[in-house]
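Chains as they are written, first to last, in this note's numbering: chain B, 23 to 176; chain H, 127 to 392; chain L, 44 to 841.
These aren't lab readings, by the way, just hints derived from the structure by calculation.
Just so it is clear, CB atoms sit at the ideal spot from N, CA and C, and this is done for glycine as well.
Errors might be hidden in some of the hints.
Output of the computed footprint for chain L on chain H, the stretches with three or more beta carbons under 8 Å from beta carbons of chain L [claimed, not checked]:
(1) 251–263
(2) 338–352
In the BS3-like style, the derived pairs of lysine-lysine whose C-alpha atoms are separated by at most 25 Å in a straight line are [as the list claims (entries may be wrong)]:
(3) B:Lys102 / B:Lys170
(4) B:Lys170 / L:Lys775
(5) H:Lys165 / L:Lys102
(6) L:Lys775 / B:Lys167
(7) B:Lys141 / L:Lys775
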Amino acid sequence: MTTVGMTVNGDPVSVETEDRTLLVEVLRDQLALTGTHVACDTSQCGACLVLIDGVATKSCTTLAVQADGSEIQTIEGLAKDGDLHPMQAAFNENHGLQCGFCTPGMIMAGVDMVRRLGKDLDDETIRSELEGNICRCTGYVNIVKAIKAGAARM
Amino acid sequence: MYQTRYHRPGSVAEAAELLSKAEDGRYVAGGHTLIPTMKHRLAGPSDLVDLSRLSELKGISEKGGTVTIGAATTHYEVASSDAVRKAIPALAALAGMIGDPAVRNRGTIGGSLANNDPGADYPAAVLGLGATIHTDKRKIEADDFFTGLFTTALEEGEIIVKVSFPVPKKAAYEKFHSAASRYALTGVFVASAKDGAVRVAVTGAGANGVFRAADIEKALSGKASSDAIDAVSIDPSGLLSDIHGSAEYRANLVKVMAKRAVDAIG
Amino acid sequence: MANDGIGASVPRKEDRRFTTGQGTYTGDVNLAGQLHAVFVRSPHAHAHIKSVDLSEASKMPGVVAIHTGEELEAGGINHLICGWAITSKNGSGMRMGPYPPLAIGKVRFVGQPIVAVVARSRDQAEDAAEAVQIDYETLPAVTNPVDALKPDAPAIHEFEADSSVWEHGRAPSNLIFDWELGDAAATDNAIKSAKHVVKIDLVNNRVVPSAMEARAVVADYRSSDGHFTLWNTTQNPHLLRVVLSAFINVAPEHKLRIIAPDVGGGFGSKIFTYSEEVVCLWAAKQAGKPVKWVSGRNEAFLTDAHGRDHVTTAEIAFDDDYRMLGLKVDTIANLGGYMSLFASLIPTYLYAPLLSGQYVIPNIHVNVRAVYTNTVPVDAVRGAGRPEATYVLERLIEKAARELGVDRAELRRKNFVREFPYQTPVLWKYDSGNYDGLLTKALAASKWDDFEARKAEAAKRGKLRGIGLSCYIEACGVAPSSAEGGALGAGVGVWEMAEIKVNPVGTVEVLVGTLGHGQGHETTYAQIAADRFGIPIDSVSVIEGDTDKVQQGMGTYGSRTAGNGTSAVYRALDKIEAKAKKIAAHLLEASEEDITIANGEFSVSGTDRKVTLTDVSLAAYTFHKLPKDIEPGLDEKAYFDPTDLTYPAGAFVCEVEIDPATGTTEVVQFTAVDDFGNVINPMIVEGQVHGGVMHGLGQALLEEAKYDPGSGQLIAGSYMDYCMPRAHDLPKSFDHAFQKTPTPNNPLGLKGCGEAGAIGSPPAIINAITDALGTEDISMPATPEKIWRALQSAGQNA
């Protein structure tokens with residue numbers, strides 16, 4: 023067992039884990055942060071995206087030990103003092119989700135898009151930037167709308 | 127996933143030392159090929175030696191007509207680097223087409239080259255630009271580096287430190303995505319060097335991985351125009367055939383992508 | 044208040060849970076002391092199991108138990124079943140091969156579970172599963188349904204010979220049933236005497252449902268009273284409970300609580316009963332501890348029921364005025380290695396009756412042969428039978444228009460059903476509609492008439508532009524119990540149940556037996572209840588998916604919520620309203636007939652006397668001053684069994700541009716005009732159309748669950764090889780409009796919308812491609828290589 027120290031959603035945490043354990047497993051099973059989901063095993067669907075030191079990362083493709091010393095932000099840490107993050111609010115207002123399973127990853131992808139490309143995102147950019155996020159429910163129409171609106175308000 | 131031991135060395139030398147002591151060790155950088163493989167129990171390294179945080183392997187510089195990129199530089203860092211965009215825009219564009227944004231946030235050039243997936247993008251740029259791979263032991267020219275599917279000239283334990291790319295006169299990369307995986311079904315990198323020599327590297331299509339398309343290079347040496355490619359015949363017998371595309375279709379794509387790359391160069 | 048009611052695009056109540064990571068899916072449920080199950084699955088498509096050696100595995104760290112099929116059988120656990128009996132045209136019953144939850148003696152598809160390893164951690168269970176030694180004798184496999192019917196095909200199940208009733212002595216070994224619908228002789232005559240006959244051969248490609256949440260199970264057992272609790276990714280918890288208890292015998296119905304927490308999509312795949320539920324319940328009882336299993340995506344590919352997989356020949360006949368005279372369809376349907384829960388229903392009653400489409404076709408005959416192959420069982424996937432029917436009919440009509448040189452829109456228009464109700468020659472009676480209106484709207488919105496200019500402009504850019512049309516019909520609700528159910532072979536009723544509880548403080552709870560898994564039920568049902576009383580939807584809670592709370596139910600599939608769930612809620616609200624008015628009348632000392640409801644208040648019309656809903660509910664529960672002919676409480680239940688199905692319809696226009704050099708198709712414009720009858724929440728309904736159309740686009744252009752015919756391996760078994768639609772595949776421009784022709788078959792006039800997009804879009808897309816290419820010889824998925832090859836051979840032929 024290895025001790026991994028991280029800051030998760032602003033709180034310092036220390037967990038004992040095997041070296042083979044994935045970050046997403048530690049988040050979900052040891053820290054009870056079940057908002058981060060796993061929907062594939064080939065690192066393609068994006069449901070597991072979290073921010074590691076501000077950068078969107080597939081937590082299913084990251085060992086927990088690799089994140090030692092890092093600052094992690096999950097979907098549970100986006101809303102501040104009960105106020106939804108603009109990206110979260112935009113998903114609600116634009117009906118950008120149906121079953122909700124891919125949604126945390128979609129929201130994280132939207133947040134990361136703004137970090138890399140700024141707040142003014144056009145439809146074509148958003149469509150191509152969602153290459154790593156799969157949704158079966160929405161047909162993406164309203165996800166694109168939601169990210170555009172959410173980005174503009176960030 | 128099988129049990130493994132993780133190490134985070136402080137230097138390239140320590141990394142090599144750790145690996146040499148491991149029973150069946152592997153280096154890991156971005157991990158976006160290795161970790162999914164381990165999850166499926168198709169790989170079970172006894173030890174993982176993490177190269178991703180080594181400052182010796184980081185960074186991008188441009189000097190004297192050469193762009194040098196540290197092995198642990200991420201695809202996103204290359205794609206968004208002002209230096210690369212200015213000196214070799216095709217290389218920045220290629221880095222921006224790898225995988226998806228989150229893959230680009232973590233995946234590294236060194237990892238991609240060491241893995242040498244037949245559908246990976248970087249090998250096309252390295253071979254197309256005639257880059258030099260600098261390891262902790264030696265320099266390897268691109269033409270000598272890629273030796274077959276998932277195999278390279280790297281020796282056991284050898285670490286890629288950086289890659290240096292000669293700045294071409296012009297270059298372009300055209301990629302036809304494999305729809306599901308986002309790897310290159312066929313990608314063609316065309317570079318015209320400052321001395322006028324044209325190199326054409328093809329990824330995704332070759333049965334033995336990335337290769338230089340000699341016939342297309344020859345056709346373009348006389349006349350750097352996409353029409354010159356029309357007459358070239360690509361033999362499908364040396365090309366990959368799988369559920370994503372037959373060798374005949376890939377042969378067509380090699381020509382189409384090569385023509386588009388030449389047109390993009392203008 | 045009115046803004047929250049029926050017809051308003053209210054943002055969804057459930058979203059805050061999902062956008063903040065507070066949804067609770069089955070995989071998020073963790074019980075103290077829980078164990079983890081991992082399944083050892085067959086690597087072979089067809090093999091005898093010669094021996095199973097558990098000696099190494101059972102010694103591995105953390106292992107608690109290892110279960111086998113023989114053990115379950117000895118414990119009285121029955122096989123998985125298909126719940127819909129179909130009879131062959133010669134009177135023989137369907138041939139249902141035994142489907143033990145863990146394989147006994149033989150495996151019939153890659154991925155079939157053989158052994159379950161239960162250990163303290165998932166990693167330990169995986170380590171031990173790898174140590175299970177199974178010795179196989181492999182057998183030849185068959186994956187293609189046409190090959191499975193050939194005399195030399197390997198026999199997948201062993202059936203007793205019933206030679207007397209089959210034409211050639213005995214049934215082909217892999218035949219499940221040979222079923223027909225319609226009048227064969229009349230149809231043959233109509234075709235024989237017709238002026239024009241057009242024929243088409245089609246394959247409807249096999250697809251993987253691929254809900255983003257893979258299936259999961261958490262099973263708990265309380266030994267003191269033998270009570271089970273099962274958390275499960277199911278679309279129909281009550282139906283699952285009946286099957287697990289009455290048929291499979293793993294737990295008694297009154298001691299089995301099933302909880303479907305948040306469910307992350309289903310698309311049909313979560314209707315069925317699977318091995319893993321049965322085994323985890325059994326394992327929990329044996330271990331005396333909770334047992335959890337969460338499917339990996341690789342397992343989902345190998346175990347979630349697949350969809351489609353039809354091979355069809357169809358011919359249509361016209362008179363000299365291009366009126367349809369007859370339609371003859373012959374289909375072979377692949378049902379996989381075993382019969383899944385509704386497998387027999389999909390290619391029969393959900394397929395054949397839909398072949399009348401939006402048209403008056405006096406004679407229709409459909410023959411369907413269902414077969415076993417060495418593949419994952421096939422069952423309902425979004426649309427289930429209806430997409431297959433629409434694909435056959437709409438491609439055939441498009442081909443006919445081209446062959447006969449008539450306008451394809453006009454050919455359809457000429458043959459539209461115009462009088463309702465309309466009795467088709469194949470069972471269904473259409474409720475209401477205006478097909479002409481749909482087509483006219485779709486053609487106008489898509490600027491159909493200006494297409495040639497767009498095509499010419501695209502040609503200048505080196506692109507081949509094509510436009511395609513599809514007019515679909517849907518049959519929603521999977522009802523009524525008497526006709527669809529009893530008479531046609533269902534093992535269960537197909538009604539729905541709802542209970543409305545008005546709490547003492549006047550808040551409202553809607554408990555209903557459907558199970559939303561992305562469709563926004565919490566908002567839609569709340570709107571119906573809010574509308575009745577004129578209260579905000581925040582005052583309404585919707586409860587689904589717990590058999591201890593919701594008394595009965597049949598779940599969500601086939602747009603049952605729109606037709607049946609909302610109707611049960613509506614009827615329960617009727618009862619609540621009647622009782623509440625009675626109480627209000629008493630409180631207001633007025634007559635019941637004079638009470639009106641608005642803004643959460645009960646008023647005496649023509650006066651300013653009123654009481655609030657809270658006054659009424661408080662009075663109902665305090666019961667201090669109500670007369671004795673009123674019972675205490677304000678809580679009512681209603682069952683709804685509709686008189687018939689509902690028949691949504693629509694017209695889709697798709698426009699594509701093809702890059703001839705690579706064969707790549709881009710959907711540049713998609714126009715959908717749908718008639719779902721009345722609509723509760725247009726925003727949610729439109730979202731269903733978006734998702735459905737993209738699902739259909741996936742089938743048309745990207746998705747194929749491809750098997751290697753020799754080995755029977757699923758070679759498109761991950762997202763690396765099976766292409767899910769992504770955001771960049773979206774039509775460049777996507778227009779949607781409603782037409783509203785309410786159905787008379789339920790009180791709110793709703794027809795349903797969940798499957799429409801997936802039903803109508805594949806033929807619209809393929810018809811656009813065939814239009815662009817000038818050849819009919821394109822199959823789904825229309826990959827760039829297929830299109831490139833079609834262009835190559837056209838070039839060679841030219």
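Hints versus structure:
For the region 251–263 of chain H, the stated coverage by chain L is not satisfied: 0 residues place a CB nearer than 8 Å to a CB of that chain, which falls below the threshold of 3. A stretch counts as covered by a chain when three or more of its residues have a beta carbon under 8 Å from one of that chain; for the region 338–352 of chain H and chain L the count is 0, and the coverage is violated. Distance check on the hinted pair: Lys102 of chain B and Lys170 of chain B sit about 21 Å apart at the alpha-carbon level, within 25 Å; holds. The hinted pair formed by Lys170 of chain B and Lys775 of chain L meets the criterion: a straight-line CA distance of about 16 Å does not exceed 25 Å.
The straight-line distance between the Cα atoms of Lys165 of chain H and Lys102 of chain L is roughly 23 Å, inside the 25 Å bound, and the hint therefore holds. As the CA atoms of Lys775 of chain L and Lys167 of chain B are separated by approximately 14 Å, the hinted pair is consistent with the 25 Å bound. For the hint pairing Lys141 of chain B with Lys775 of chain L, the CA-to-CA distance comes to about 22 Å; that is within 25 Å, so the pair holds.
This entry does not satisfy hints 1, 2, going by the numbered hints stated previously.
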